[in-house]
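Colleague: Sequence:
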Amino acid sequence: MAPPLSRRTLLRSVSGAAAATGLVTTAATAVTATGALAAPAYAADDDFAALRSTWRTILLGQGFSPTAEPFATKLAAMGATAAARAAAMAPDEGSLWPDAVWADPEPDTDSASYAYSAAIQTSCQRLYAMAEAYAQPGTGVTGDPALAEKVLTGLDHLYARIYNENQTRYGNWYNWQIGGPQALLDTAVLLYDQLSAEQIAAWCRAVDHFVPDSVVAVYSGTSTGANRIDLCRVLAVRGMLEGNAEKIALASTAIAPVFPYVTSGDGLYADGSVIQHTWVPYTGSYGAVLLDGLSKLLALLAGSSWEVTTPDRQVFFDAVEAAYAPFLHNGLCMDGVSGRAIARGLPPGSTSGQNDDHLRGHAIMASIVALGQAATTEEETRWRALVKGWIQRATYRSPVTDTALSVSKLALLNGVLADGTVSPAVQPPASKVFPAMDRAVHRRKGWVASVSMASRRITYYENGNGENLRGWNTGSGMLYWWGGDFADDQYSDRFWPTVNPYRLPGTTASAKPLANGEGGIWGAARPDVDFVGGASDGTHTVLGQHLKALSSTLEARKSWFLLDDEIICLGSGITAADGAAVETVVENRHLGATGTHALTVDGHLRSTDLGWSQTFPDARWAHIAGHGGYAFLQGSELRALREERTGAWYDINTQVGSKTQFSSRYLTLLLEHGTDPADESYAYLLLPGASAATTARRTAGLNGWMTSWTNSLGIHGIRVPSLGVTAANFWAAGDFGRLSASAPVSVLIRERRDGTAVICVSDPTRLQKDVTLTWHRSVSAVLSKPGTLTEASTGQSLRLTFGDLTGAGGATQTVTVRLD
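If you use mature numbering (1 follows the signal peptide of the UniProt record, and there is no 0), the sequence shown corresponds to residues -43 to -1, 1 to 777, in order.
Hints listed in this document are in silico derivations from the structure and should not be mistaken for laboratory results. Hints should not be assumed to be uniformly reliable.
Across the chosen pairs, the derived CB separations fall in these ranges [claimed, not checked]:
| # | residue 1 | residue 2 | range |
| --- | --- | --- | --- |
| 1 | 699 | 272 | 33 to 39 Å |
| 2 | 122 | 222 | 41 to 47 Å |
| 3 | 553 | 744 | 55 to 61 Å |
| 4 | 689 | 569 | 49 to 55 Å |
| 5 | 568 | 175 | 55 to 61 Å |
| 6 | 170 | 554 | 41 to 47 Å |
| 7 | 678 | 758 | 56 to 62 Å |
As a list, the in silico BS3-like pairs of lysine-lysine whose alpha-carbon atoms are at most 25 Å apart [claimed, not checked]:
| # | residue 1 | residue 2 |
| --- | --- | --- |
| 8 | 742 | 389 |
| 9 | 389 | 402 |
| 10 | 742 | 726 |
| 11 | 469 | 505 |
Computed from a predicted structure; not experimentally measured. Quick reminder that beta carbons are idealized off the backbone N, C-alpha and C, glycines included.
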């Protein structure tokens, strides 16, 4: 048996065959409104057959042995599920399966209407799963004519009863325009040879009714970002199914608005941010759909008359390393950029597997491999090296055996692992702020951290469709961190349904009770604050957040100084009047179902008993075995507790969450500010991965290591001479040591051993039109500067004047100087 062709080879051979036979017929080339050349509108039948063949390969995967693991297990399970679905299928007036009723009884509530429309998508997806089991090898029902007949009966029933050109849409638009038709069309492609022209025409009429050409006429509303790519996929597959060149041409050209950077709303930003639903950071969910959809469409159309060749597509290729890779760690994708998807306990439509940060990461990795087949050789080589590194470092759950992934994605990842020409890449230390989505990532050799914030530009959290009902504080300064080779399950498995949602690590929060879905759906709730963001030199970062809590009077100023082996956390101005207690959560470590990790406070081991709680009036340091240490910069009343918490996914996701109860253990460190605090503060260091001895030494030597720091209402600042770092958040004009600022800004200065210094300044407020920064340090020359710097004077002091920063989007402005 000949080895399978690579997708790139397949595409080239398909294209070459069509050209050789002279079957491609092109119309006069048109010009789109953007000035780009439009794709030809006419083609011969062989062109559509080639596209269907390519799409079939994309859906099913290639280059794998169905008898090898994990494919044998995956395929057998797929066949068993398909057989069970076929046996349970009972076509009725309002359903295909009794547990997925779509009949429209004129529901009087949005939730009922949404549930009925979701059943349509569910039915289409079940039929696709049955069709895939029929088409894949080794499923036990491969090529089973009875199974194929069941699928076709189901498609006909859907058309006759609900998904047709005479039906009025209700409930969730997504089920009618994306989720349902994608599965329906893909099913038709897999069973194409068994379809009649009448069946194809009927289903295409239905798709045209719900997904007319007008859905991509304007780049706005529900036709942006990932949604736009999904809609283009529907148009393209519908076009090749019936042989409609105009539909494919429209899909090819309608992709174009996704590529350029955006400066507001949905899409990809120049700083690497990915936004969907206007206010929600979504790299790990909608961004993953965007990546997956683009990789598929580019592969589908490559070598055809409709190939996407716009130079703007390079913007998205660049995003692999600038936007996606920073949020991937040892196979997982960080929850801080995954919106309401964090509340999904199982893969959609599945009864097994785990839909967590690892599954999202694994899917993104596979999409990166797929996209590489449309990129340059150099890009593809780098990306495959990154992916292989993530695979090999994934100790919690291996991407190459994650059977929650599709067969095609498993094939892509296993292909990289088996490729002896690929050397695994290590992600180097780096620090980056994503100002457009109020996020930051800080990567060191032995650990990585991320901070999630909220502002008038970015929501506290997103809920909708009954999902993520208690994510209230995920944007209130949540500090995530993972070790280089440990704690990769920290926010996985059962974390979200069992963690105390008022005690998320890093946050300052009120105990005032909040309702499920508090603040409204789709990210509507946003604080009316401006100072959220920071400055970075690529190695170190200073972040600041003016916190106004959701549905609370709580306010605070919070800062994070992300350095070499520590994160310095400062907070001031903590004030509230809700009649509720306020806490800063130093840590809330997830210990799994049975964890008993030792806690040491000021050199003494503490209890490992569940239910234990103790307050330490003047704690200096604490250490959690196997995780890291915490040093307190000022005498702090620390409360520590161990608890086992029970919950179900249904508690936070009433759409697809299981009601099965399970438990997890937590070790929590709290700084209590009391009820209705006034101008309270905190100051501590997080030392990821540090031993107890290292934590004790660092605490004892704090005054010599960090020679000055301030934690006032107006300024948070630190100076660490051994690192050459001086950094501050100026909440208002003021002075810190040798540094002064005329307006609210974030500043980070790093003096380097080569006699130069880098001064990094950002305007998190995006309101400053004139900022002067003075550093009382001898400087002989300015070596490089940004266009926003309007004046610079050197000598005994350095004085820098920046002009209008309102259009800088919170980005860091970097000046390099020669020290005297």
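Colleague: Compare the structure with each hint and give your call.
Modeller: Hint by hint, here is what the structure shows:
1. In this structure, residue 699 and residue 272 meet the distance hint of 33 to 39 Å, their C-beta atoms being roughly 36 Å apart.
2. Here the CB-CB span from residue 122 to residue 222 is close to 32 Å, at odds with the stated 41 to 47 Å.
3. Separated by about 57 Å at the C-beta atoms, residue 553 and residue 744 satisfy the suggested range of 55 to 61 Å.
4. Our hint of 49 to 55 Å for residue 689 and residue 569 is violated, since their Cβ atoms are close to 43 Å apart.
5. Restraint check, residue 568 to residue 175: a C-beta distance of roughly 58 Å satisfies the suggested window 55 to 61 Å.
6. About 58 Å separates the C-beta atoms of residue 170 and residue 554, a value inconsistent with the hinted range of 41 to 47 Å.
7. Hint check: residue 678 to residue 758, Cβ distance near 27 Å, so the stated range 56 to 62 Å is violated.
8. Only pairs whose Cα atoms come within 25 Å are accepted, and residue 742 paired with residue 389 is accepted, the gap being roughly 19 Å.
9. A C-alpha spacing of about 15 Å is found between residue 389 and residue 402, which places the hinted pair at or below 25 Å, so the restraint holds.
10. Taken as a hint, the residue 742 and residue 726 pair is honoured in the structure, with Cα atoms around 17 Å apart against an allowance of 25 Å.
11. With a CA separation close to 14 Å, the supplied pair residue 469 and residue 505 stays within the 25 Å bound.
Hints 2, 4, 6 and 7, counting from the list given before, are not met by this structure.
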